[in-house]
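Asks: Sequence:
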Amino acid sequence: MTIKEVLDFGRQSLNQAGIEYPGLEAEILLSGVLDQERIYFYTHSQETVDLKQEETYRSAIKRRCQLEPVAYILQKKAFMGMDFFVSQDVLIPRPDTEPMVEYLLAYLQATYPKGANVLDLCTGSGAIGITIKKYFSQGNISLSDFSKAALAVAKINADQLVDGAILLYEGDLFAAIPQGKTYHVIVSNPPYIRRKEMSGLARDILEYEPHMALDGGESGLDFYRRIIGEAHLFLEKDGILALEIGDDQATAVMALLRNAGYQEIQVITDLGGHNRCLIGR
5 MTIKEVLDFG RQSLNQAGIE YPGLEAEILL SGVLDQERIY FYTHSQETVD LKQEETYRSA
65 IKRRCQLEPV AYILQKKAFM GMDFFVSQDV LIPRPDTEPM VEYLLAYLQA TYPKGANVLD
125 LCTGSGAIGI TIKKYFSQGN ISLSDFSKAA LAVAKINADQ LVDGAILLYE GDLFAAIPQG
185 KTYHVIVSNP PYIRRKEMSG LARDILEYEP HMALDGGESG LDFYRRIIGE AHLFLEKDGI
245 LALEIGDDQA TAVMALLRNA GYQEIQVITD LGGHNRCLIG R
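If you count by my numbering, then the sequence shown holds residues 5 to 285, one letter each, in order.
Hints were generated in silico from the structure; no laboratory data involved.
All figures in this text were calculated on a predicted structure; none of them were measured in a lab.
Check before you lean on any hint, since a few could be wrong.
List time: in silico DSS-like cross-link candidates among lysine-lysine, alpha-carbon distance up to 30 Å [claimed, not checked]:
(1) 138 with 159
(2) 56 with 80
(3) 8 with 138
(4) 152 with 185
(5) 200 with 185
(6) 118 with 185
(7) 185 with 241
(8) 8 with 56
(9) 118 with 200
(10) 66 with 118
(11) 138 with 118
(12) 56 with 118
(13) 138 with 152
(14) 80 with 152
(15) 56 with 66
(16) 118 with 241
(17) 66 with 138
(18) 185 with 159
(19) 159 with 80
(20) 185 with 138
(21) 8 with 118
Between beta-carbon pairs, the in silico distance windows are [what the hints assert, rightly or not]:
(22) 205 with 59: 43 to 49 Å
(23) 99 with 40: 34 to 40 Å
(24) 85 with 263: 34 to 40 Å
(25) 48 with 200: 34 to 40 Å
(26) 66 with 107: 36 to 42 Å
(27) 57 with 150: 34 to 40 Å
(28) 82 with 159: 49 to 55 Å
(29) 205 with 107: 23 to 29 Å
(30) 237 with 107: 22 to 28 Å
Beta carbons are placed, not taken as given, at the ideal position from N, Cα and C, and that holds for glycine.
Please put together the full structure from these sequences, using the hints given.
Replies: Pasting the structure below:
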């Protein structure tokens, strides 16, 4: 089959499965299989795809028709200019997290030009902490997660993207962090979906992404309470706590921060203009 014929097959199959953007996703999947930019397909549409690649592509299309996320099929997701390895052991990094990371990078570079200690809690793929290390190389970055499998993914990304220059801790939030260790920045994108809302998530999220990284308890605030309650023990005197939040959780999480003694609280919005992150000092 030619590239055009393979793409036509993919597009038609995804369209029949109800995928919202069948043409785009057919191209993205073929791009991953052939390791070519999508523009290549327009200039080489009559080029023959070898049988092994065709079979790999058909398998990828079948998986996407079953609503498996493209990132899991290709085992990668772009975030802040880098491709992160992902598996079903970790949440897929989202663009909505990028404004928080951009804020933290600007803050670190302006406030601690010679270096700072940063802890990324509930790290998953390591996207937040590793990105900070990539663009703030003088930083000392630690990643923590309860899941051994998630940390294995984070280690792969650290090795590939920042030459492994990261500390990894396996434990429940701060449990594995050495006593007396302090940080200038603690950042976390914790589970924050209300338990009763889990069943209403899109099928590609509900059926494929790890529930332990999504379920924030009955109120969606369980992890915020714990993180905010313990963070002061691990923050430097002038340190900041950065928390990604659900777009309707700003008021509730701000109250938790104020009750814990955080006097300055800043809201960061995501690409859609929704409240997505709180910075507490």
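Asks: Hints broken by the structure, by number, lowest first?
Replies: Violated hints: 3, 5, 9, 10, 12, 17, 21, 22, 23, 25, 28; rest satisfied.
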